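Protein chains: 2
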Amino acid sequence: MKLTILFGGASFEHEISIVSAISLKEKLSGFDLNFIFCDQDHTFYAIDQKDMKAKTFSSASHKKMPIVNLTNGGFTQKKLIGSKEHTGIVLNLIHGADGEDGTIAALLDFYSIKYIGPRINASVFSYDKRYTKYLCDSIGVKSVKYEVLNSSEQKDITIPYPIIIKPASLGSSIGVSIVNEESELDYALDTAYEFDKNLIIEPFIENVKEYNLAGYMADGEIQFSIVEEPQKNKFLDFEKKYMDFSRSSQVLKADISSDLENKLKQSFTKIYTGMFEGALIRCDFFVVNDEVYLNEINPIPGSMANYLFEDFKTAIEKLSNSLPHSKRAKVNYEYIHSINSAKGK
Amino acid sequence: MKLTILFGGASFEHEISIVSAISLKEKLSGFDLNFIFCDQDHTFYAIDQKDMKAKTFSSASHKKMPIVNLTNGGFTQKKLIGSKEHTGIVLNLIHGADGEDGTIAALLDFYSIKYIGPRINASVFSYDKRYTKYLCDSIGVKSVKYEVLNSSEQKDITIPYPIIIKPASLGSSIGVSIVNEESELDYALDTAYEFDKNLIIEPFIENVKEYNLAGYMADGEIQFSIVEEPQKNKFLDFEKKYMDFSRSSQVLKADISSDLENKLKQSFTKIYTGMFEGALIRCDFFVVNDEVYLNEINPIPGSMANYLFEDFKTAIEKLSNSLPHSKRAKVNYEYIHSINSAKGK
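Chain order of the listed sequences is C and F.
FYI, the numbering for the first sequence is 7 to 351, going by my numbering.
FYI, the numbering for the second sequence is 7 to 351, going by my numbering.
These are computed hints drawn from the structure, not numbers from a lab.
Remember, predicted model here, so these are calculated numbers, not experimental data.
All C-beta atoms, glycine included, are put in the ideal place defined by N, C-alpha and C.
A portion of the hints provided could be inaccurate.
In silico lysine to aspartate or glutamate, DMTMM-like type, Cα no more than 20 Å apart, as pairs [claimed, not checked]: (1) K59(F) to E340(C); (2) K61(F) to E340(C); (3) K333(C) to E340(F); (4) K276(C) to E340(F); (5) K333(F) to E297(C); (6) K336(F) to D45(C); (7) K259(C) to E216(C); (8) K151(F) to D290(F); (9) K276(C) to E159(F); (10) K203(C) to D290(F); (11) K333(F) to D196(C); (12) K203(F) to E227(C); (13) K333(F) to E340(C); (14) K319(C) to D196(C); (15) K120(C) to E227(F); (16) K69(F) to E340(C); (17) K203(C) to E283(F); (18) K69(C) to D57(C); (19) K271(C) to D296(C); (20) K336(C) to E200(F); (21) K61(C) to D54(F); (22) K33(C) to E340(C); (23) K151(F) to D143(C); (24) K148(C) to D143(F); (25) K33(C) to D57(C); (26) K336(F) to D47(C); (27) K148(C) to D38(C); (28) K203(C) to D225(F); (29) K203(F) to D261(C); (30) K336(F) to E200(C); (31) K336(C) to D196(F); (32) K336(F) to D196(C); (33) K70(F) to E91(F); (34) K259(C) to E283(C); (35) K215(F) to D296(F).
Some chain C residues well away from chain F (every beta-carbon gap over 10 Å; in silico) [claimed, not checked]: (36) I95; (37) N127; (38) D134; (39) Q237; (40) N301.
Please build the complete structure, drawing on both the sequences and the hints.
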């Protein structure tokens, strides 16, 4: 099948998007792949498959490659005579800002380009961890209790140590710290505020059981990946996560009861349904006393969580065939006509 | 001051956006105004001021006008030789889909165009009435109790008659019905489902007190309009609202206690702060037993609620000088460099 992988973006996760894209080049070999890179200035470049290596971007060689522009139905590359169209389904692989905050979703929707990835609403509810909490509360999915800090107001943290501090709107552990005592607090806050003016404070639960589950909607049903118990080293720091984004070998299924597996799938279903259609997402859960808590939604997981699927290519194909299509309102100027005719015009 | 008014959109409210734009041409006379029209196919046209009348659009004459394209920093019009740039602040006046659902916000953000209007998050929380309820619950603002119906599942309504049925994501009373008894239900549901697959059901409160309040953030403070008690005729139907969008004469201040006025302002402040910066919004409240309930947020109110402001031009100028600027992440390829150097590359 034909697929355009869109990656890069003006995001703190720009580099891991490149790593993700390179790993999908391998995982989706045999597909007719196109690569479009969004640089930090929001210029789009068509990247040849042979140039899909990290150095192309870190050395700025991509700037010599053809610029493409968003046009109705696809990306267009101007030629000396005429133009070349890059049409077909896009896989939005821009992690973090641009890709996961709703911006790319809106652009692709506006230009009627079909895509794999979260729509605007789904992006907003997963990108900002505060809004993920709102969503959980509203649909009856448990999440860890939390407090919000904002750089513009002074407020005390009432959750007892140890706590975990996260910028409200970033993934990949960027700016995240575990704080064991007050003396470590200021540094952790400064670090997090570098990335976002809103922070989420949660209790840090040592040795909590963590399980990741990915899935997507196709043929009217959610198609689940296996459940993984991720390795952890307190929590994955950015460099580890960065390497993590190039994972490609399939992982082992977590050794859990079918009862727990069902609970995880039920929570996933509540989160996904009516919100994430069109996306392949990974939900990261905590389990405490047999109760499932949502930790995080990754609406564009690193390398699309390919390692959680037994047959990743088929997953992408099935999802591509089940993408939502947005209905555009028809305009017929009925009211203007009726008012003008009432006025005798 | 220089201002580009962006209107139209592929929306059921396309026509009222045209009416809104025409009324602002009058209200903002003296400003250096440009008009850009987004047609239902998502093509942008530069419209000359003299052509800013309803007939231009209903007769499709706009198709003879110059096409402009989104480019970094503004809209660009190709000329035979070179191009003409429409730069400067945009006022997003596209009501409903495109304008209020976050799409236009994302486009303007992506292309670094400063604009008056709700950002992506604010759009999502105000466009879909379900999410407005989530927001209210989370920030401690009361809203009317509700149920959600979805076209894909059969569910009984438990709220007793009379009820009001609304498509979850439309403004301007489109698709809204009051249902007094079961015999009227099916028709009302069919009507509403024509516009959205999710519906909001609320109790219909006869003769409830309604108050509208508009405002915007400038110089670090919310600048409030006067409070209006809107006229009503059960509820405004679309045709009345349509005419309402061309309102321009200033209304009378509602005759309410300063205590109630403060309560309305407090609720407005909770809703606005940290979410709607950059927008001039109108909140429509219900008051029952002296308690304030949010009914609806209009993040792009008809003709920008000019009639609620004593000095509307100054309001637009002040808001223009206080627009949020989005910080774009810098990319330095630090991780790729460090990994390549670890690999000896």
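Here is how each hint holds up against the structure:
no.: 1; hint: K59(F) to E340(C); in the structure: holds (15 Å)
no.: 2; hint: K61(F) to E340(C); in the structure: holds (12 Å)
no.: 3; hint: K333(C) to E340(F); in the structure: violated (42 Å)
no.: 4; hint: K276(C) to E340(F); in the structure: violated (39 Å)
no.: 5; hint: K333(F) to E297(C); in the structure: violated (39 Å)
no.: 6; hint: K336(F) to D45(C); in the structure: holds (10 Å)
no.: 7; hint: K259(C) to E216(C); in the structure: holds (13 Å)
no.: 8; hint: K151(F) to D290(F); in the structure: holds (16 Å)
no.: 9; hint: K276(C) to E159(F); in the structure: holds (14 Å)
no.: 10; hint: K203(C) to D290(F); in the structure: violated (29 Å)
no.: 11; hint: K333(F) to D196(C); in the structure: holds (17 Å)
no.: 12; hint: K203(F) to E227(C); in the structure: holds (18 Å)
no.: 13; hint: K333(F) to E340(C); in the structure: violated (42 Å)
no.: 14; hint: K319(C) to D196(C); in the structure: violated (42 Å)
no.: 15; hint: K120(C) to E227(F); in the structure: violated (42 Å)
no.: 16; hint: K69(F) to E340(C); in the structure: holds (18 Å)
no.: 17; hint: K203(C) to E283(F); in the structure: holds (14 Å)
no.: 18; hint: K69(C) to D57(C); in the structure: holds (12 Å)
no.: 19; hint: K271(C) to D296(C); in the structure: holds (14 Å)
no.: 20; hint: K336(C) to E200(F); in the structure: holds (12 Å)
no.: 21; hint: K61(C) to D54(F); in the structure: violated (48 Å)
no.: 22; hint: K33(C) to E340(C); in the structure: violated (52 Å)
no.: 23; hint: K151(F) to D143(C); in the structure: holds (16 Å)
no.: 24; hint: K148(C) to D143(F); in the structure: holds (16 Å)
no.: 25; hint: K33(C) to D57(C); in the structure: holds (17 Å)
no.: 26; hint: K336(F) to D47(C); in the structure: holds (9 Å)
no.: 27; hint: K148(C) to D38(C); in the structure: violated (41 Å)
no.: 28; hint: K203(C) to D225(F); in the structure: holds (19 Å)
no.: 29; hint: K203(F) to D261(C); in the structure: violated (40 Å)
no.: 30; hint: K336(F) to E200(C); in the structure: holds (12 Å)
no.: 31; hint: K336(C) to D196(F); in the structure: holds (18 Å)
no.: 32; hint: K336(F) to D196(C); in the structure: holds (18 Å)
no.: 33; hint: K70(F) to E91(F); in the structure: holds (19 Å)
no.: 34; hint: K259(C) to E283(C); in the structure: violated (25 Å)
no.: 35; hint: K215(F) to D296(F); in the structure: holds (10 Å)
no.: 36; hint: I95; in the structure: holds (19 Å)
no.: 37; hint: N127; in the structure: violated (5 Å)
no.: 38; hint: D134; in the structure: violated (7 Å)
no.: 39; hint: Q237; in the structure: holds (20 Å)
no.: 40; hint: N301; in the structure: holds (19 Å)
Violation of the numbered hints given earlier is confined to hints 3, 4, 5, 10, 13, 14, 15, 21, 22, 27, 29, 34, 37, 38; the remaining hints are satisfied by the structure.
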